[in-house]
Amino acid sequence: MKRLSLALALLSACSSSAAQNDAAVTADVALTQDAAATDAPAAVDAPAAVDAPAAPSDTGYAPSPRIVERPYMHRVPSTYDPATPLPLVVLLHGYGASGSVQAAYLTLLAAVPTENFALAYPDGTLDSSGRRFWNATDACCDFERRGLDDVGYIDAVIDDMRAQYNIDPRRIFLIGHSNGGFMAHRYACERADRIAGFVSLAGAAWSDPMRCAPSRPVAMLQVHGTADTTIRYPGGGAVISGAGAYPSARASTEQWATHDGCGALTATDETLDLESTLPGAETRVDRAAGCTAGGAELWTLQGGSHIPTFGPEWSRALGRWMAAHPAP
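Quick note, the sequence shown lines up with residues 906 to 1233 if you use my numbering.
If you're looking for bench data, these hints aren't it; they were derived computationally from the structure. We put the beta carbon where it would ideally sit given N, CA and C, even for glycine. You may find that some hints are simply not true.
Taking CB as the label site, the calculated pair distances span [as the list claims (entries may be wrong)]: (1) Gly-1057 to Pro-1018: 42 to 50 Å; (2) Thr-984 to Arg-1050: 43 to 51 Å; (3) Arg-1067 to Gly-1195: 41 to 49 Å; (4) Glu-1218 to Thr-1131: 35 to 43 Å; (5) Thr-1182 to Arg-1075: 12 to 20 Å; (6) Thr-1214 to Ser-1034: 21 to 29 Å; (7) Thr-984 to Pro-1231: 39 to 47 Å.
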């Protein structure tokens, strides 16, 4: 009972702190939202006008010391039946954002009941500037070289969700934005046996493909806007002095086509209307050919920024992609 009380106290403190930090991020982000054509580490990967969900209805806790120290939020459909396995999505926020802000911005909270999946949305660690980050690739975003084990932390989140709910082990996915997209790439490289696939929105793979050696094919979806001035579609140099470069959206996708034993990345005749502020079906779909498992796709938002404004087709398209890519 003493450990449980301590865990609940930590969760309460964390929820209060998260709410304050989310408000600060929301107020501050207008200064940085796709405004400066620079890769400065002060850039914030969060939308300017997003209301974080109320914490009490989403808070979860775990007996694991790792989870007690870093609680995470989660949501399952109100119609959840323990006899029916659920897909799981682990959402990884952008630099300076939070799980709550990211979940609301990407409309995933609203998609939980309609697409019928469990959603876990943890927070990264605060750096000395008060911004949350993930220790992903050498390009982004452990700028202070703290070397945190975020791969192990995501392991713990997945383990805890599986302990609480009937999670389908063949349908566990990561979705990450910017720094979270970099982190999704890294996790898939190191824990391919634990997930079916991942989505990287405005993130990138390791610049050195040899840093990634997945143990089995993993489905990957790279989503990137051509007008992104923060993490550039054609790739870019160091985000901060001493950090690594990052490959283009296409090169990131081609890396995974190679990892999965697929053929060339080729254009399809499919288009998607994902971005509500851009006219028509602005998103081009490229797909690697000949994949027997896993798969690699690139969704290019023509004219899309670092923080796209997604319409209702976004969550539906994600749901279709995940349904089509269970683990082998």
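Outcome of the hint check:
no., hint, result
1, Gly-1057 to Pro-1018: 42 to 50 Å, "31 Å, violated"
2, Thr-984 to Arg-1050: 43 to 51 Å, "45 Å, holds"
3, Arg-1067 to Gly-1195: 41 to 49 Å, "33 Å, violated"
4, Glu-1218 to Thr-1131: 35 to 43 Å, "19 Å, violated"
5, Thr-1182 to Arg-1075: 12 to 20 Å, "36 Å, violated"
6, Thr-1214 to Ser-1034: 21 to 29 Å, "27 Å, holds"
7, Thr-984 to Pro-1231: 39 to 47 Å, "21 Å, violated"
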